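Chemist: Mind docking chain B on chain A? Use the hints.
Protein chains: 2
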Amino acid sequence: MAVGQGMDSVLLPVQGVSSGVACAGIKQTGRRDLVVFELSPGSTVGAVFTKNAFCAAPVTVAKQHLASDKPIRFLVINTGNANAGTGQQGIDDAIETCNRLAAMRSLEPEQVLPFSTGVIGEYLPMHAIVNGLPQALSSLMTDNWLEAAQGILTTDTRVKGASRQFEFEGETITVTGIAKGSGMIKPNMATMLAFVATDAKVSDALVQQIAAEASEQSFNRITVDSDTSTNDACLVMATGQSNTPVIDSVEQPFYGYLLKTVKEVMLSLAQQIIRDGEGATKFIEVAVAGANNTDEALKVAYSVAESPLFKTAMSASDANWGRILMAVGKADVESLNVEQIDVYLGDVQIVSQGQRADSYTEEQGSAVVAEEEIQVRIELNRGSASESVWTSDLSYEYVRINAEYRS
Amino acid sequence: MAVGQGMDSVLLPVQGVSSGVACAGIKQTGRRDLVVFELSPGSTVGAVFTKNAFCAAPVTVAKQHLASDKPIRFLVINTGNANAGTGQQGIDDAIETCNRLAAMRSLEPEQVLPFSTGVIGEYLPMHAIVNGLPQALSSLMTDNWLEAAQGILTTDTRVKGASRQFEFEGETITVTGIAKGSGMIKPNMATMLAFVATDAKVSDALVQQIAAEASEQSFNRITVDSDTSTNDACLVMATGQSNTPVIDSVEQPFYGYLLKTVKEVMLSLAQQIIRDGEGATKFIEVAVAGANNTDEALKVAYSVAESPLFKTAMSASDANWGRILMAVGKADVESLNVEQIDVYLGDVQIVSQGQRADSYTEEQGSAVVAEEEIQVRIELNRGSASESVWTSDLSYEYVRINAEYRS
Chain A
1 MAVGQGMDSV LLPVQGVSSG VACAGIKQTG RRDLVVFELS PGSTVGAVFT KNAFCAAPVT
61 VAKQHLASDK PIRFLVINTG NANAGTGQQG IDDAIETCNR LAAMRSLEPE QVLPFSTGVI
121 GEYLPMHAIV NGLPQALSSL MTDNWLEAAQ GILTTDTRVK GASRQFEFEG ETITVTGIAK
181 GSGMIKPNMA TMLAFVATDA KVSDALVQQI AAEASEQSFN RITVDSDTST NDACLVMATG
241 QSNTPVIDSV EQPFYGYLLK TVKEVMLSLA QQIIRDGEGA TKFIEVAVAG ANNTDEALKV
301 AYSVAESPLF KTAMSASDAN WGRILMAVGK ADVESLNVEQ IDVYLGDVQI VSQGQRADSY
361 TEEQGSAVVA EEEIQVRIEL NRGSASESVW TSDLSYEYVR INAEYRS
Chain B
1001 MAVGQGMDSV LLPVQGVSSG VACAGIKQTG RRDLVVFELS PGSTVGAVFT KNAFCAAPVT
1061 VAKQHLASDK PIRFLVINTG NANAGTGQQG IDDAIETCNR LAAMRSLEPE QVLPFSTGVI
1121 GEYLPMHAIV NGLPQALSSL MTDNWLEAAQ GILTTDTRVK GASRQFEFEG ETITVTGIAK
1181 GSGMIKPNMA TMLAFVATDA KVSDALVQQI AAEASEQSFN RITVDSDTST NDACLVMATG
1241 QSNTPVIDSV EQPFYGYLLK TVKEVMLSLA QQIIRDGEGA TKFIEVAVAG ANNTDEALKV
1301 AYSVAESPLF KTAMSASDAN WGRILMAVGK ADVESLNVEQ IDVYLGDVQI VSQGQRADSY
1361 TEEQGSAVVA EEEIQVRIEL NRGSASESVW TSDLSYEYVR INAEYRS
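Top line first, the protein sequences correspond to chains A and B.
By my numbering, the letter at position 198 of the first sequence is numbered 198, and the numbering carries on one by one without gaps.
By my numbering, the letter at position 152 of the second sequence is numbered 1152, and the numbering carries on one by one without gaps.
Don't read these hints as lab results, they were simulated from the structure.
Some hints here could point you the wrong way.
Here are the simulated lysine-lysine pairs, PhoX-like style, with alpha carbons at most 20 Å apart [what the hints assert, rightly or not]:
#1 B/1299 to A/51
#2 B/1051 to B/1299
#3 A/63 to A/51
#4 A/299 to B/1299
#5 A/299 to B/1051
#6 B/1051 to B/1063
#7 A/51 to A/299
Derived list of chain A stretches under chain B, where covered just means 3 residues or more per stretch with a C-beta under 8 Å from a C-beta of chain B [what the hints assert, rightly or not]:
#8 46-57
#9 217-230
This structure is a prediction, so every number in the text was calculated from the model and none was measured.
Backbone N, C-alpha and C fix where the C-beta goes; we use that ideal spot for every residue, glycine too.
Same shape as in the complex, but just chain A:
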């Protein structure tokens, strides 16, 4: 099950980025499970990682390698095993993976970043990974994003990718990204795994800022099940292969264009994750307006988007607006005056000043929630801040997928 439109039909190559894929046997099924990315010399990398205190071994090692300030030249990503909850052995395995790849390309281990996704609590099958690396390296190609996007999937039913281009002073800049994620999705700083690349030239400091800002307003605005993965990571890679000036100040107009485009790519990826949320039959935007500040708007939006009762009602195409009021009311917003609140389902006003709108009929609400794509709009009417978050419904299928995940 997945809702609405899928990925962009074309994933444009980014000069300076190539990727290779192997079936290394980490998954039992013979699927693609090992991906490497190679970045051209001079590339800069920004990254955001999960805030889950139980972060996985590759997250710890990737952070250390980024902190070493040695230029990043390779990423290595395995699926089928998260290498999380694996203690020192897990750290050693993540480092060894980098060591092996670095040795094959005469690089230092710190120039390689490791990523893992899959089952938590089992040791990485190092034999499979080491054997798979030459196959992945031998298939390195620039025009290979679709293969890479397939190679990082776990329970996903769809490949997730997005590309955008913009012109700056006669030069075409490309931004392409891929992501994976379907459950355990309430990213806190980044979704499970996302890799976004551009051929713009960006300083180290600013590529990090772009990664942080763009992910905050895309991956940090979605939730499938309110659970935050141990392995979340989002990377922005800038190869500098285009003929554009280096971005090293937020004052440069070019910075603004690039940030906007990276955000667009990330928001597309984030929404693709929700459309492919585990068991998803609905794609739901919860838009909150009239809040005093961003924090307040997000509290209300997430309280609705994470309410199991709201999500099961949506799954059943039931315009049970009482559950929306309940979820708004429990959102822990200080001195919320419910008599100021209006609620809309699509264009239909269901609640006016805290109670059923006089004009509302059940038929109107039912027509809106019968659709695959549903917008819930909540007007708090007490300030000027607004935020949207995106979520899927809670269906039988979500329970089935997660009950059977390891069986």
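Modeler: Showing chain B alone in chain A's frame:
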């Protein structure tokens, strides 16, 4: 579906409390849907209510009547309709309900407290309520707790009640309570509806303190689906019909005995609610020890108890302990050192110092989660605070019940 033992086999009468039940036709099905409680003159009442900002009309009116300081003599409770999200009309209806009952008994309206539970967002069928009141009043009896417990149910599949007695200076004190609740259960100050009575003599101030303290450590320690009802209310009624001294100071030993007994009754009711949680096939205790403080222990406990991924794994009897680590890690506890954490399933240690315990085998874990009653114990090893919360699993049945609630 419901898990393990049900209510206490006998609900002991409490001198000074009688109740009556009617089939008023608020529900379409001809079930009991209107309950009245009568309290003897001199009774004191303590109450805690939902903190949901969208509190229902009867909650607003009950608070006003309690604040009037007129002695409470009657409660009137309807099911089938929550009278929430109903604006001024809802307030008027709740007041009118009290007016009608007060007139029949020559009391002032403020001496009646109204309660409602059921569907949100529809106006109260006043005609049915007004017609049902005489029938409910005519059936008032002291030994009628079981009928009353049936009369307050909605989606519950089981009646919920508990009784305890203790001796004080040769006098037997009785505490009996009933509750309802099955979904929309993460009470914030009280569960959906609970009514607990004792024949002890308690001052107004202390009966309120008992209501607050006992509910905090019982109803505020359970969650089915993390959703907080608009109608939550928990009442403690003390009729003073026993021959014991008035409790008017927390220093009195009698106060301690009574508080302990009320807590026991409430904890039994709270756990009965979880055992009858919507779609429940498991009764799960999440016990957190070694926390720096209560707040920290509860954050971790609720993060696990509310994780959809943990709850679906339990539903499938899958000892997927990685999801427990994930949920502990996302709990937003400051500077949590995961390398200090031990986790047990029942008596089986699954995680030692943040990683899989050497002694652990999947068979051991599977044996524990195959049971209907499961304890997860998390040792943070950084302080001396400990707390438990109770929850049910997330099953197909939960989704079915809530998808079909209004259809």
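Chemist: The structure should be examined with respect to each hint, and the outcome stated for every one.
Modeler: Hints, verified against the model:
Distance check on the hinted pair: residue 1299 of chain B and residue 51 of chain A sit about 16 Å apart at the alpha-carbon level, within 20 Å; holds. The straight-line distance between the Cα atoms of residue 1051 of chain B and residue 1299 of chain B is roughly 18 Å, inside the 20 Å bound, and the hint therefore holds. Distance restraint check for residue 63 of chain A and residue 51 of chain A: the Cα-Cα separation of roughly 12 Å lies within the 20 Å cut-off, and the hinted pair is therefore satisfied. Of the pairs offered as hints, the one joining residue 299 of chain A and residue 1299 of chain B holds, with about 17 Å between alpha carbons and a cut-off of 20 Å not exceeded.
A threshold of 20 Å between alpha carbons decides the hint, and for residue 299 of chain A with residue 1051 of chain B the separation of about 16 Å falls inside it, so the pair holds. Note on residue 1051 of chain B and residue 1063 of chain B: the hinted pairing holds, with a Cα-Cα distance of about 12 Å set against a maximum of 20 Å. Distance check on the hinted pair: residue 51 of chain A and residue 299 of chain A sit about 18 Å apart at the alpha-carbon level, within 20 Å; holds. Residue count for the stretch 46-57 of chain A with a Cβ under 8 Å from a Cβ of chain B: 5. That meets the three needed, and the coverage hint holds.
Here's how the stretch 217-230 of chain A fares: 6 of its residues keep a CB closer than 8 Å to some CB of chain B, so the rule of at least three is met and the hint holds.
Violated hints for the displayed structure: none, as all numbered hints are satisfied.
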